[in-house]
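Enquirer: Okay, here's what each chain looks like letter by letter:
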Amino acid sequence: MNEPVRRLSVVVLVMFLALMVAASWIQVVQAGSLNADGRNVRTLYREFGNFRGPFVVDGERIVYSAPIDDPFNYQRTYTDGELYAAATGYYSIVFGRTALEQTENSLLAGSSDALFWNRLRDLFGGKEQRGASIELTLRAELQRVAAEELGNQKGAVVALDPRTGEILAMVTSPTFDPASLASHDSSEVNDAYAELDADPEEPLVNRAIAGDTYPPGSTFKLIVASAALQAGYTPDSTVYAPDEFPLPGSSATIENYGGESCGPTPQISLERALTISCNTAFADLGVTLGWDVIRSEAEAFGWTDTFRVPLVVTPSRLPIDPDDAQVAMSSIGQFDVRATPMQMAMVAAAIANNGRLMSPYLVDTARASDLTIIQRSEPTLYGAPMTSAEANQLTQMMVSVVENGTGQAAQIRGVTVAGKTGTAETGNGTAPHAWFVGFAPADNPVVAVAVIVENGGSLGSEATGGRIAAPIAKSVMQKALELEADS
Amino acid sequence: MATVATVRYQRGRGSELMLLGISALITVTARGLVDYHADVLVISSMVWFTVGVVAVMLALNLALRRWARDADPVIVPAVAALTGIGLAMIRRIDFAWAARGEPTHFGQTQTMWALIGAGLCVAIIFALRDYRVLRRFTYTAGVLGLVALILPLMPVIGREINGARIWIGLFGRSLQPAEFAKIAFVIFFAGYLQTNRDTLALAGPKILGIRFPRARDMGPLIVVWLTAVAVQIFERDLGTSLLLFGIFVGMLYVATRRTSWVVLGVGLFLIGAVFAGTVFSHVRVRYVAWLHALDPDVYESGQSQQLVRGLFGMASGGLFGTGLGEGRPDLVPYAYSDFIIASLGEELGLTGLLAILMLYVIIVHRAMRTAIGVRDGFGKLLAAGLGFSIALQTFIVVGGVMRVIPLTGLATPFLAAGGSAMIANWIIVALLLRISDQSRRAQAVLA
Numbered sequence: 001m002n003e004p005v006r007r008l009s010v011v012v013l014v015m016f017l018a019l020m021v022a023a024s025w026i027q028v029v030q031a032g033s034l035n036a037d038g039r040n041v042r043t044l045y046r047e048f049g050n051f052r053g054p055f056v057v058d059g060e061r062i063v064y065s066a067p068i069d070d071p072f073n074y075q076r077t078y079t080d081g082e083l084y085a086a087a088t089g090y091y092s093i094v095f096g097r098t099a100l101e102q103t104e105n106s107l108l109a110g111s112s113d114a115l116f117w118n119r120l121r122d123l124f125g126g127k128e129q130r131g132a133s134i135e136l137t138l139r140a141e142l143q144r145v146a147a148e149e150l151g152n153q154k155g156a157v158v159a160l161d162p163r164t165g166e167i168l169a170m171v172t173s174p175t176f177d178p179a180s181l182a183s184h185d186s187s188e189v190n191d192a193y194a195e196l197d198a199d200p201e202e203p204l205v206n207r208a209i210a211g212d213t214y215p216p217g218s219t220f221k222l223i224v225a226s227a228a229l230q231a232g233y234t235p236d237s238t239v240y241a242p243d244e245f246p247l248p249g250s251s252a253t254i255e256n257y258g259g260e261s262c263g264p265t266p267q268i269s270l271e272r273a274l275t276i277s278c279n280t281a282f283a284d285l286g287v288t289l290g291w292d293v294i295r296s297e298a299e300a301f302g303w304t305d306t307f308r309v310p311l312v313v314t315p316s317r318l319p320i321d322p323d324d325a326q327v328a329m330s331s332i333g334q335f336d337v338r339a340t341p342m343q344m345a346m347v348a349a350a351i352a353n354n355g356r357l358m359s360p361y362l363v364d365t366a367r368a369s370d371l372t373i374i375q376r377s378e379p380t381l382y383g384a385p386m387t388s389a390e391a392n393q394l395t396q397m398m399v400s401v402v403e404n405g406t407g408q409a410a411q412i413r414g415v416t417v418a419g420k421t422g423t424a425e426t427g428n429g430t431a432p433h434a435w436f437v438g439f440a441p442a443d444n445p446v447v448a449v450a451v452i453v454e455n456g457g458s459l460g461s462e463a464t465g466g467r468i469a470a471p472i473a474k475s476v477m478q479k480a481l482e483l484e485a486d487s
Numbered sequence: 001m002a003t004v005a006t007v008r009y010q011r012g013r014g015s016e017l018m019l020l021g022i023s024a025l026i027t028v029t030a031r032g033l034v035d036y037h038a039d040v041l042v043i044s045s046m047v048w049f050t051v052g053v054v055a056v057m058l059a060l061n062l063a064l065r066r067w068a069r070d071a072d073p074v075i076v077p078a079v080a081a082l083t084g085i086g087l088a089m090i091r092r093i094d095f096a097w098a099a100r101g102e103p104t105h106f107g108q109t110q111t112m113w114a115l116i117g118a119g120l121c122v123a124i125i126f127a128l129r130d131y132r133v134l135r136r137f138t139y140t141a142g143v144l145g146l147v148a149l150i151l152p153l154m155p156v157i158g159r160e161i162n163g164a165r166i167w168i169g170l171f172g173r174s175l176q177p178a179e180f181a182k183i184a185f186v187i188f189f190a191g192y193l194q195t196n197r198d199t200l201a202l203a204g205p206k207i208l209g210i211r212f213p214r215a216r217d218m219g220p221l222i223v224v225w226l227t228a229v230a231v232q233i234f235e236r237d238l239g240t241s242l243l244l245f246g247i248f249v250g251m252l253y254v255a256t257r258r259t260s261w262v263v264l265g266v267g268l269f270l271i272g273a274v275f276a277g278t279v280f281s282h283v284r285v286r287y288v289a290w291l292h293a294l295d296p297d298v299y300e301s302g303q304s305q306q307l308v309r310g311l312f313g314m315a316s317g318g319l320f321g322t323g324l325g326e327g328r329p330d331l332v333p334y335a336y337s338d339f340i341i342a343s344l345g346e347e348l349g350l351t352g353l354l355a356i357l358m359l360y361v362i363i364v365h366r367a368m369r370t371a372i373g374v375r376d377g378f379g380k381l382l383a384a385g386l387g388f389s390i391a392l393q394t395f396i397v398v399g400g401v402m403r404v405i406p407l408t409g410l411a412t413p414f415l416a417a418g419g420s421a422m423i424a425n426w427i428i429v430a431l432l433l434r435i436s437d438q439s440r441r442a443q444a445v446l447a
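Protein sequence lines correspond, in order, to chains Z and H. Take the first sequence: its letter number 51 is residue 51 in the working numbering, and every next letter is one higher. Take the second sequence: its letter number 349 is residue 349 in the working numbering, and every next letter is one higher.
Calculated from the structure, these hints are not laboratory results. Honestly, I wouldn't trust all of these hints.
To be verified - Stretch-level coverage of chain Z by chain H, calculated; a stretch enters the list once three of its residues show a Cβ under 8 angstroms from a Cβ in chain H:
hint, stretch
1, 3-13
2, 16-22
3, 36-42
Unchecked claim - One side of the interface only, derived from the structure: several residues of chain H facing chain Z at Cβ under 8 angstroms:
hint, residue
4, 58
5, 59
6, 214
7, 299
8, 302
9, 311
10, 349
11, 354
12, 355
13, 357
14, 371
15, 372
16, 375
17, 377
18, 404
C-beta atoms are modelled at their ideal positions from N, C-alpha and C, and glycine is treated no differently.
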C-alpha cells in the first residue's frame with residue numbers, strides 16, 4: 001500500500017501548491033486592483049488614519065480634516081459644503097471619493113510620488129504622514145455671487161479667466177452638502193445618499209461640466225459667425241434674413257423669436273443678425289457655409305473633446321452627417337448640437353483672448369505640510385480656433401449684442417461688455433433653456449462667463465437668455481471686475 | 001560466538017525539544033506583537049504567558065519521552081506553532097472588536113481549548129498504547145460517526161447557526177460533532193477497508209482503458225456518497241460533506257490502488273455538486289459568489305461580500321503583510337474563525353501565509369511517512385486517512401477563502417477559533433504520534 005500513499009502525498013502537495021499559487025495571485029498580482037477597488041473600505045480607513053490635506057480657496061480652508069476621537073482619527077469637514085460641492089466632491093467611508101477629492105487623492109493623502117521626500121522626512125522625524133493642501137483657482141466671492149444669483153433655479157455658471165484658463169467660478173444648482181456624506185455613521189451616509197440619489201432635481205450632478213449636455217441655442221451662432229469670418233465674411237457683410245426660412249425637404253420653417261422680422265428688408269449685416277439673434281439669417285448662413293466648415297470650427301473650440309480640468313468634462317456633441325434642414329437647425333444651436341456650460345465659457349474665453357483658447361483648470365497649487373510648493377499649474381494653450389483679427393471682429397459684434405441687441409441686461413456701467421444670448425428650445429412643451437455667454441471688459445477681458453438657467457428658471461416659458469441669464473452673468477462679471485481692481 | 005549488537009538510532013526527542021523551542025518563540029513573539037500594537041503589553045503577563053507556553057511544550061516533550069519515545073519529532077512542534085499563531089491572531093481580533101466597542105472573548109476560550117486539546121493528546125498517548133486496538137472498534141466507530149453526524153438534527157440539542165444545522169448545545173456550549181465524526185469515520189474506513197480491500201480491488205469491466213470495480217462491490221461507495229449528500233441536504237453543511245466523502249475516496253484508493261475508484265468517486269461527487277447547485281438555492285449562491293465574486297451585482301446582493309472583503313484584506317497585506325496588529329482584519333466577517341487565513345494573510349503577508357501552508361504540508365507529509373513506515377494495513381490506512389483529513393480540511397477552507405473552490409464553512413485546523421475542531425485535531429495528532437511511535441520502534445528493532 002506504500003505506492004498509493006506516495007501518490008496521495010503528491011495529490012496533497014498539488015493541493016497545497018494550488019493554495020500557494022492562489023495566495024500569490026491575490027497578494028501580488030491582483031493586489032493592485034483589489035486595493036484600488038472602490039468597495040475596499042480598508043484603503044479608506046488607512047487614508048482616514050492619516051491627516052488628509054485641505055482644499056484652500058482665497059487662502060481659506062474650505063475643506064479640511066479635523067481630529068476626532070473615533071477609529072477614523074479625522075473627520076472631513078466642509079465649511080461651505082454646498083457652495084463648493086461641484087468642485088470638491090465628497091469623501092465618504094461608504095461611497096468613496098468623487099470630483100477633486102478623487103482626482104487629487106494621492107496628493108491629499110500624501111501618497112503621491114511628488115511627496116516622496118516629505119514622506120521620508122516625516123518617517124525619520126517620527127511624524128505622521130501628512131497630505132498636501134490643494135489651492136484652487138476658484139474665487140470665493142465670485143462663487144458666492146454666482147450661487148446667489150442662480151438661487152433655487154436649476155442651472156449652472158462657469159467663469160474663466162480668459163488669459164490663463166483658471167476656473168474662477170463653477171456653480172451648479174441644485175447642489176448638495178458633502179458633509180452629509182462624510183459622516184462616519186454609515187447608515188446615516190446611506191440614508192443621505194439614497195435621498196440625494198432619488199431626488200428628481202439631481203443635486204449630485206455637476207451641470208457645469210458633466211450633466212446632460214444642453215442645446216446651446218443662439219449662443220451657437222458665435223461658432224457659425226466665427227466660421228463665417230474665417231470664410232472671408234466681415235461684420236458688415238450682407239446676409240439673407242427672410243421672415244421665414246423654409247426647411248429644405250419639408251414643409252416646416254424656421255422663424256425668428258416671436259415670429260418677428262429681422263429687418264425691413266431681408267438683407268441685413270452679419271453684425272445686425274448676431275445683435276438681434278436672427279434665426280433665419282444664421283440658418284441660411286449655415287447652409288451656405290456648409291456643415292463641414294461649421295463642424296471643424298466647433299471642434300476647434302473643443303466640441304467632441306473629452307478633457308479634464310482635472311474633473312472630466314463631458315464632450316459636447318455635434319450631429320453626424322446632417323442634411324440641409326438639419327444643418328439649418330444646427331446653425332441656431334438646435335437639433336443635435338449639445339454643449340456643456342464649460343464648453344460655452346470656453347467659447348467666450350477664446351474670443352476674449354484674441355482667439356487663443358487656454359485650457360481651463362481648477363487646481364492652482366499643491367503645497368506640502370511645510371508649505372513648500374510641490375506642484376503649480378502653468379497656463380497651457382488648448383488651441384487657437386480664431387485669428388486675432390477675427391476675434392476682434394467677433395468681439396465688436398458681441399459688444400453690439402449687449403449695447404443694442406438681445407443682451408442689454410448684461411450692461412455694466414462704465415464697462416464695455418461683449419456677450420451673446422441664447423434661448424434653446426427643449427421640445428415637448430417644456431420652457432426653453434436660457435443662456436448667456438460673454439466677457440468683460442471687451443477691450444481687455446479679465447473674465448469670461450457662461451450661464452444657463454434650465455427651463456426658463458423663475459420666468460418659465462416667458463424666459464429668454466436676455467431676460468433671465470444675462471443679469472446673472474452681469475453680476476458675476478461685475479464682481480470679477482471688482483476683484484481684479486482690488487488685486 | 002554470540003554478540004549482541006546495539007543499534008543506535010535517533011529517536012528525535014532532543015530535536016523535538018529544540019523545534020518546540022522555536023514554536024514557543026513564535027507563539028510568545030506573536031502575542032507580544034499583538035499586545036504591543038494594542039497598547040496592552042504588560043511585562044508581567046508576558047512573562048507568565050511565556051512560562052505557561054514553555055511549560056506546555058516541555059510537558060508535551062516529556063510525555064512523549066515517557067510514553068511514546070519513538071514518535072515522530074516534527075508533528076508536535078508544527079502543530080504547536082500553528083496553534084500559537086492562531087491564538088495570537090484570535091486575541092488580536094478580540095482587541096480590534098474591543099476598540100470598536102463590541103468586545104469579544106474568543107482568545108480566552110481558544111486558549112482554554114488549546115490546553116484541553118494538548119492535554120487530551122497526552123491522555124490518549126498515555127491511555128492508548130497500541131493503535132491496533134482501534135481496529136476492534138471498527139463498526140462501533142462507524143455507528144458513533146453516524147450518530148455524531150445525526151445529532152445536530154435532533155430536537156432540543158440541535159442548533160442551527162448561520163443557516164447550517166451542524167451544532168449541538170451541551171452545557172451551555174455549542175459543539176460541532178462533525179469534527180469528531182471525522183475521526184470516527186477514518187477509524188471505521190481504515191478497519192473496513194483493511195478487511196474488504198481484496199474484494200474491492202477485484203477487477204470488473206474495462207472502460208476507456210481503466211479497469212472498473214464490479215458493480216456489486218459499489219455498495220460502500222454509494223452508501224458513503226448518500227450519507228454525504230444527506231449531510232448537504234439536511235444540515236446544509238457543504239464542507240463536512242465534501243470532507244467526509246473526500247477522505248473515503250482517498251482511503252479507498254490507498255486500500256485498493258485502483259484509480260477507477262477515484263474516477264467513480266469524483267464522478268459521483270460532481271453529480272452531487274451539480275444536482276445540489278441546480279436544486280438548492282443555498283448551494284447555487286455559493287457557486288455564483290465563487291465564480292463572480294467581484295461582480296457588482298453579486299457583491300451588492302451580499303452573496304460574495306465576506307469573500308471579497310477577505311480578498312481585500314489579503315491584498316492589503318501584499319508580500320510582507322501589514323504586521324501583526326497593524327491591519328484591519330476585523331473588517332472581514334468571521335475573521336477569527338472561517339476567515340482566519342485571510343486575517344493572517346493580511347497581517348503576515350504572502351510570506352507568512354506560505355510559511356503557514358508549509359507547516360501544514362510538513363504535518364501531512366509526516367503523517368504520510370508514518371503510513372509508509374508502519375507495517376500493518378490498518379495502521380497505513382489510519383495514518384494516511386488522518387493525514388489526508390487534515391490536508392483536505394485545510395484545502396477546503398483555505399481554498400474557499402482564496403477562491404480556488406467555492407466557499408464552505410469548515411474550521412482551519414489548529415488556527416481557527418472553535419473548540420470542537422481544536423480538540424478533534426489534537427486527537428488526530430495523538431493518534432498519528434502513537435502510530436509513528438510504534439512504527440519507528442519496530443524499524444529500530446529491525447535495524
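Enquirer: If a hint holds in the structure, say so; if it does not, say that too.
Expert: Hints, one by one, checked against the model:
no.: 1; hint: 3-13; verdict: holds (count 10)
no.: 2; hint: 16-22; verdict: holds (count 5)
no.: 3; hint: 36-42; verdict: holds (count 5)
no.: 4; hint: 58; verdict: violated (31 angstroms)
no.: 5; hint: 59; verdict: violated (30 angstroms)
no.: 6; hint: 214; verdict: violated (20 angstroms)
no.: 7; hint: 299; verdict: holds (6 angstroms)
no.: 8; hint: 302; verdict: violated (12 angstroms)
no.: 9; hint: 311; verdict: holds (6 angstroms)
no.: 10; hint: 349; verdict: holds (7 angstroms)
no.: 11; hint: 354; verdict: holds (6 angstroms)
no.: 12; hint: 355; verdict: violated (11 angstroms)
no.: 13; hint: 357; verdict: holds (6 angstroms)
no.: 14; hint: 371; verdict: holds (5 angstroms)
no.: 15; hint: 372; verdict: holds (5 angstroms)
no.: 16; hint: 375; verdict: violated (10 angstroms)
no.: 17; hint: 377; verdict: holds (6 angstroms)
no.: 18; hint: 404; verdict: holds (5 angstroms)
Consistency with the previously given hints fails for numbers 4, 5, 6, 8, 12, 16, ordered from lowest to highest.
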